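Asker: Each chain, written out:
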Amino acid sequence: AQSVTQLGSHVSVSEGALVLLRCNYSSSVPPYLFWYVQYPNQGLQLLLKYTTGATLVKGINGFEAEFKKSETSFHLTKPSAHMSDAAEYFCAVSEAGANSKLTFGKGITLSVRP
Amino acid sequence: DAGITQSPRHKVTETGTPVTLRCHQTENHRYMYWYRQDPGHGLRLIHYSYGVKDTDKGEVSDGYSVSRSKTEDFLLTLESATSSQTSVYFCAISESGQPQHFGDGTRLSIL
Chain A
1 AQSVTQLGSH VSVSEGALVL LRCNYSSSVP PYLFWYVQYP NQGLQLLLKY
51 TTGATLVKGI NGFEAEFKKS ETSFHLTKPS AHMSDAAEYF CAVSEAGANS
101 KLTFGKGITL SVRP
Chain B
1 DAGITQSPRH KVTETGTPVT LRCHQTENHR YMYWYRQDPG HGLRLIHYSY
51 GVKDTDKGEV SDGYSVSRSK TEDFLLTLES ATSSQTSVYF CAISESGQPQ
101 HFGDGTRLSI L
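Each protein sequence line maps, in turn, to chains A and B.
Just so we're aligned, residue 1 is where the first sequence starts under the numbering used here, counting upward by one.
Just so we're aligned, residue 1 is where the second sequence starts under the numbering used here, counting upward by one.
Just chain A, same shape as in the assembly (with noise of 0.2 Å):
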């Protein structure tokens, strides 16, 4: 069985400051990791995704995320918030193969001091 642990579920920056968005997760195969963003009343966007090789991913909207596999951790960055980064991110796991099932975390909150 796999699962995700996105700790807390909230948290606050300022503009302008570094933004880092924790997830662990627990997998008997070596997983697929996804960070997702989503935004009031719409749906959930995918930010970026890890799979295989280099464990540095870099996303859209300057995000990215390191694959630590002796850590189990796949944490979320960027270097410098901006107001429209607020917003819930989901960290997600999968097992490698078309029909292995997505497991959320449950979500954190991003809010963005001015």
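Keep in mind the hints are simulated off the structure, nothing from the lab.
Note that the coordinates shown come from a computational prediction; the quantities given were computed from them, not determined experimentally.
Treat the hints with caution; some may be incorrect.
Distance condition first, Cα-Cα at most 30 Å in a straight line; then the derived DSS-like pairs of lysine-lysine [to be verified]:
#, chain 1, residue 1, chain 2, residue 2
1, B, 57, B, 11
2, A, 101, B, 11
3, A, 49, A, 69
4, B, 11, A, 106
5, B, 57, A, 106
6, A, 58, A, 106
7, A, 58, A, 69
8, A, 68, B, 53
9, B, 57, A, 49
10, A, 101, B, 53
11, A, 69, A, 106
12, A, 58, B, 70
Derived CB-CB ranges, DEER-like [said to hold, decoys possible]:
#, chain 1, residue 1, chain 2, residue 2, range
13, B, 82, A, 60, 21 to 31 Å
14, B, 53, A, 80, 27 to 37 Å
15, B, 41, A, 99, 33 to 43 Å
Here's a subset of chain B near chain A, in silico, CB distances under 8 Å, partners left out [stated by the list, open to error]:
#, residue
16, 18
17, 45
18, 100
All residues carry an ideal CB built from backbone N, CA and C; glycine is no exception.
Since the structure of chain A is already known, use the hints to place chain B on it.
Answerer: Just chain B, lined up with the frame of chain A:
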């Protein structure tokens, strides 16, 4: 987004009534999914489809059924709606299983 249309976008109904939500895609993707989103739970998989007439249960399938008679349409039915099924429902599609692309959701209230 990604050629996915969910209908209706909002619905209010009463306990005990049947409800059908529709997901329509224009991408010709093989895989389609239904999730529900509830505060503190993230998204949880209800049912998914890996082809026409091929469906399987997800994590929270009790009280829900699905049908897929055409590649482009995936229907989610609540046979007899209960208040615990009040939620936001999302459809997702995928060409190969991962990644998944999501629709804008249906907000369902059951009174």
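Asker: Taking the hints in turn, state whether each one holds.
Answerer: Here is what the structure says about each hint:
1. B:57 with B:11: Given pair residue 57 of chain B, residue 11 of chain B holds - Cα atoms ~24 Å apart, limit 30 Å.
2. A:101 with B:11: holds, 28 Å
3. A:49 with A:69: This hinted pair holds, its Cα atoms lying about 15 Å apart.
4. B:11 with A:106: holds, 25 Å
5. B:57 with A:106: holds, 21 Å
6. A:58 with A:106: Holds, because 23 Å separates the two Cα atoms, which is no more than 30 Å.
7. A:58 with A:69: Holds - the C-alpha atoms of residue 69 of chain A and residue 58 of chain A are around 17 Å apart, at most 30 Å.
8. A:68 with B:53: violated, 39 Å
9. B:57 with A:49: OK: residue 57 of chain B and residue 49 of chain A at ~25 Å, within 30 Å.
10. A:101 with B:53: holds, 18 Å
11. A:69 with A:106: Judged against 30 Å, a Cα distance of about 21 Å means the pair holds.
12. A:58 with B:70: violated, 36 Å
13. B:82 with A:60: 21 to 31 Å: violated, 38 Å
14. B:53 with A:80: 27 to 37 Å: violated, 49 Å
15. B:41 with A:99: 33 to 43 Å: violated, 23 Å
16. 18: Violated, about 25 Å.
17. 45: holds, 6 Å
18. 100: Holds - the Cβ of residue 100 of chain B comes within 8 Å of chain A, reaching about 6 Å at its closest.
In the structure shown, a violation is registered for the earlier hints numbered 8, 12, 13, 14, 15 and 16, in ascending order.
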